[in-house]
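> Each chain, letter by letter, is given below.
Number of protein chains: 2
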Amino acid sequence: MSGKSAYSNPVYRTFEVHVLGSSAATPTSLRHTTAQALRFHNKWFLLDCAEGTQMQLRRMKIPMMRIHHIFISHLHGDHYLGLPGLLFSLHLLGRKAALHVYSPPGLREVIEVQFRVSGLVPQFETIFHEVVKGGELVYEDADLAVESLEMEHRIPCFGYLFREKPIERNIRKESISRYSIPVRQMAGIKRGKDLLMPDGKVVPNEEITRCPPRARSYAFCSDTAYTEKFLAQVMGVDLLYHEATFLQDKADIAKEKTHSTTIEAASLAKKAGAGQLMLGHYSARYKDMGLFLKEARQVFPNTILAEEGVVTQVSAFASGT
Amino acid sequence: MSGKSAYSNPVYRTFEVHVLGSSAATPTSLRHTTAQALRFHNKWFLLDCAEGTQMQLRRMKIPMMRIHHIFISHLHGDHYLGLPGLLFSLHLLGRKAALHVYSPPGLREVIEVQFRVSGLVPQFETIFHEVVKGGELVYEDADLAVESLEMEHRIPCFGYLFREKPIERNIRKESISRYSIPVRQMAGIKRGKDLLMPDGKVVPNEEITRCPPRARSYAFCSDTAYTEKFLAQVMGVDLLYHEATFLQDKADIAKEKTHSTTIEAASLAKKAGAGQLMLGHYSARYKDMGLFLKEARQVFPNTILAEEGVVTQVSAFASGT
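Residue numbers (the numbering used here), protein chains in the order written: chain A, 62 to 382; chain B, 62 to 382.
No wet-lab data here; the hints were simulated from the structure. Nothing here was measured: the structure is a model prediction, and the numbers come from that model. There may be inaccurate statements among the hints.
Given that identical chains are not distinguished, each listed pair holds provided it fits within a single copy or across any two copies.
In silico lysine-lysine, DSS-like type, Cα no more than 30 Å apart, as pairs [what the hints assert, rightly or not]: (1) K104 to K226; (2) K122 to K348; (3) K332 to K122; (4) K122 to K104; (5) K318 to K122; (6) K311 to K254; (7) K332 to K355; (8) K290 to K311; (9) K157 to K318.
Based on the provided sequences and hints, a complete structural model is requested.
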């Protein structure tokens with residue numbers, strides 16, 4: 062081990078949650094309904110896409126043309142109603158690149174009927190991926206994997222777990238010159254292989270590399286009643302976004318409406334050993350979000366609020382870095 | 062004639078245009094796409110319903126529960142995408158009263174598929190009225206009549222002309238006591254009948270009433286290329302809203318995209334003998350709306366800009382009051 066903490070390791074790449082909307086069910090004059098942009102390194106993803114998302118993207122200067130994958134939790138209006146407008150605008154802006162949309166079944170029909178009645182033929186392809194169960198790998202690239210999480214809601218609803226893939230080891234600068242490490246061996250060494258010298262001698266990997274930073278993860282869990290159905294998947298997650306539509310005194314309403322309270326969200330974060338909890342999806346009846354924070358922190362101190370326009374880093378908070 | 066101008070006549074009822082959105086095609090970070098709330102006396106109407114309209118209604122403190130009639134010009138997203146969200150919110154707020162929606166065909170399907178995928182059964186009825194040609198009476202009540210106006214656009218598109226019905230004559234206070242006018246004759250006198258005295262004598266209507274204020278009208282014309290198809294209907298209109306997507310130097314693009322320029326909108330207002338012209342539906346490429354005003358006023362001096370959050374009175378501007 063290098064002894065350096067993950068916090069200071071310069072190898073860490075950007076991994077940020079940009080909150081575009083935080084209100085439940087109906088927007089208020091101040092809060093939009095659910096949408097988040099996720100930035101990982103040079104890629105942008107969208108998580109839910111409520112009414113007004115395209116304007117929020119503009120306000121937060123998020124490059125909508127660089128979004129290629131959109132993950133929709135479920136087909137209640139407060140989680141997808143901004144998608145048609147975003148697609149129309151991408152079309153009008155001349156987008157050519159395909160767009161992937163992940164959601165429970167039904168969204169394709171919603172979008173297609175709207176392009177049909179508008180008389181527009183999109184210049185780009187929208188590829189709909191139907192998510193029908195939790196625990197599935199729904200997206201993967203060289204750096205990230207995204208798994209579905211089964212929520213407990215009135216209609217089929219899925220959260221999404223973004224897992225950074227294991228990060229390659231860092232070859233120490235001084236080792237490169239000292240051993241004249243050939244380029245063809247570098248990829249293997251970064252993955253943990255030992256160095257094979259021309260004379261047949263072997264230099265152990267630990268001597269020439271640094272321990273990589275721990276891969277991070279972000280779980281987006283909305284909308285859901287309290288459930289542990291997806292708990293195993295989110296164990297040790299670094300940042301857990303969990304809906305908290307109500308304060309604890311409305312636990313009965315939360316249950317009836319298949320939503321969660323502050324304490325329920327915090328309890329799940331605690332059970333999961335999450336690094337940090339972000340609350341959101343506040344009922345429009347509330348004005349003072351400080352109460353949400355206060356309640357949840359009684360159970361899970363490292364709690365923050367989803368606030369529109371605020372960017373949160375996904376950091377390797379949990380133990381074992 | 063009483064000699065009093067319509068301006069000072071206290072009988073005039075509220076007739077206001079509240080601009081909720083003024084941008085064309087795509088919203089900007091500052092401007093929403095098209096929507097207007099029309100207030101006539103104690104009734105509220107909605108003209109187009111772009112993405113974000115329900116939030117704009119909240120911001121402008123317009124009582125959405127009191128909207129019973131929504132007029133949609135056409136099925137391009139920037140004119141209707143806020144409707145599903147508004148309907149979902151009305152449902153969640155417990156609306157029971159029926160809602161009438163007037164639009165070219167296709168909107169019912171757009172709405173119904175969304176209620177279906179969301180698993181929501183609306184508690185109120187939405188009655189869709191298909192508008193398929195101009196010059197038709199599409200709505201009428203005791204005070205107002207609304208006619209369709211045929212626009213020139215890529216897909217079926219209609220403007221709407223709101224005509225206040227002729228206003229009843231005012232019975233002079235002094236006449237009521239002087240002639241002891243019986244209640245049963247009052248309605249007739251307000252409509253212009255003479256007073257019949259118990260002794261068989263006739264008092265001419267003009268002696269006992271004041272000339273009523275002239276009924277006012279508002280025409281909402283968007284989206285359209287320059288056309289005179291609906292000119293006869295809007296002759297002498299008090300307030301003409303006419304789209305002006307482009308400045309005059311983009312007349313070729315306007316024509317290609319079936320939109321209008323400042324000068325075209327102003328020319329139509331002039332030909333119609335309108336009292337006032339309101340421009341709107343500005344292309345997102347423009348920042349300085351002062352240029353729109355400057356150009357249009359060269360042709361039609363009494364021009365104003367549609368500006369979000371601004372309320373404009375529909376006044377009896379035109380001659381003949």
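> Now tell me, hint by hint, if it's right for this structure.
Consistency of the hints with the structure:
1. K104 to K226: Answer is within; shortest intra-copy Cα gap is 14 Å, inter-copy 59 Å.
2. K122 to K348: both (27 Å within a copy, 17 Å between copies)
3. K332 to K122: neither (36 Å within a copy, 43 Å between copies)
4. K122 to K104: within (14 Å within a copy, 39 Å between copies)
5. K318 to K122: between (35 Å within a copy, 28 Å between copies)
6. K311 to K254: neither (55 Å within a copy, 64 Å between copies)
7. K332 to K355: within (19 Å within a copy, 65 Å between copies)
8. K290 to K311: within (22 Å within a copy, 58 Å between copies)
9. K157 to K318: This pair counts as between: shortest inter-copy Cα distance 20 Å, intra-copy 41 Å.
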